[in-house]
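What the sequence shown shows, in my numbering, is residues 1 to 236, in sequence order.
Some clues are possibly wrong.
To be verified - Derived PhoX-like pairs (lysine-lysine); straight-line CA-CA distance at most 25 Å: (1) Lys164 <-> Lys186; (2) Lys191 <-> Lys164; (3) Lys164 <-> Lys208; (4) Lys195 <-> Lys164; (5) Lys90 <-> Lys164; (6) Lys208 <-> Lys186; (7) Lys208 <-> Lys191.
Stated by the list, open to error - Cβ pair distances, simulated, as ranges: (8) Gly132 <-> Asn199: 29 to 39 Å; (9) Asp187 <-> Pro161: 16 to 26 Å; (10) Ser91 <-> Lys191: 35 to 45 Å.
Just so you know, the hints here were simulated from the structure itself, not pulled from any lab data.
We put the beta carbon where it would ideally sit given N, CA and C, even for glycine.
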Amino acid sequence: CWQERFHTGDWQLSSALPAMASWFRRLLHKPKSSSVDSSLNVGRSASSSPSSSSAESSGSSPSMSLARSARLSPVLASDISASGSARWAKSYDVCICHSEVDLELVEELVSYLEGQPESFRCFLQLRDATPGSAVVTELCDAVQNSHCWVMLITPGFLRDPWCKYQMHQALAEAPMANGRTIPVLKDVDRKDYPKELRNLYYIYMALKENSFRQIRDTIVRCEYTVGCRNGLDAGE
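Let the sequences and hints guide you as you build the complete structure.
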């Protein structure tokens with residue numbers, strides 16, 4: 001009798017298995033409702049969008065806009081020429097260090113700078129040195145009494161010991177440079193660029209007009225930086 005019941009139960013189980021298997025297949029392959037999908041998509045977008053947008057807004061874009069605004073913001077002549085400006089703390093805005101063989105080019109540069117709206121005060125050794133004074137004294141005084149120094153590096157400059165002496169004095173006056181030393185290369189290969197200035201960017205004089213404008217802009221930035229730095233020191 002029990003064998004008969006066993007066979008009967010086995011038959012019932014075997015006949016029910018296909019139906020159960022079909023039910024499991026329908027359950028496993030049942031598609032998700034569109035409402036669930038939409039809620040998941042909304043959740044994903046809500047969690048990812050702010051982070052990505054904040055990365056975009058706090059990443060390169062602001063820095064680029066700041067850099068762009070810094071480049072585009074002009075420094076007016078009145079900003080560095082006001083009566084209370086730190087510009088007037090020194091006798092000269094710029095000292096031109098050059099070789100005598102480059103005097104004609106330097107005189108053109110000085111004429112250009114002194115004719116600008118800022119009326120830059122340039123120290124030109126053969127013109128402004130005190131007669132009878134020692135060369136070393138005049139060179140040192142010119143460096144100390146100027147906000148920045150233009151080094152016109154030419155083959156003549158590299159051969160002139162006095163030019164090298166004045167270059168070393170300028171570097172000693174401002175070891176970290178801070179934009180005050182302005183090297184200008186003309187007719188000199190990069191390999192001959194003085195090793196003492198290798199940590200400074202230079203202006204390469206190819207077109208004279210463009211180079212003069214670059215020198216002028218660099219002096220303006222130097223003067224503006226000096227004014228800002230002095231203002232911060234006074235605030236402290």
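Against the structure, the hints come out as follows:
In summary, the hint linking Lys164 to Lys186 is supported, as the alpha carbons are separated by about 16 Å, within the 25 Å threshold. For the hint linking Lys191 to Lys164, the alpha-carbon distance of about 17 Å falls within 25 Å, and the restraint holds. With a C-alpha separation of about 24 Å, the suggested pair Lys164 and Lys208 falls inside the 25 Å cut-off, and the hint holds. For the hint pairing Lys195 with Lys164, the CA-to-CA distance comes to about 12 Å; that is within 25 Å, so the pair holds.
As the CA atoms of Lys90 and Lys164 are separated by approximately 23 Å, the hinted pair is consistent with the 25 Å bound. For a cut-off of 25 Å, the pair hint linking Lys208 to Lys186 stands: about 10 Å separates their Cα positions. Proposed proximity of Lys208 and Lys191 is supported: the alpha carbons are some 22 Å apart, at most 25 Å. Between Gly132 and Asn199 the C-beta distance comes to about 38 Å, which sits within the given range of 29 to 39 Å.
For Asp187 and Pro161, the hinted distance range of 16 to 26 Å is satisfied, since their beta carbons lie about 19 Å from each other. For the pair Ser91 and Lys191, the supplied restraint of 35 to 45 Å holds, since their beta-carbon distance comes to about 36 Å.
Going through the hint list in order, the structure satisfies each hint without exception.
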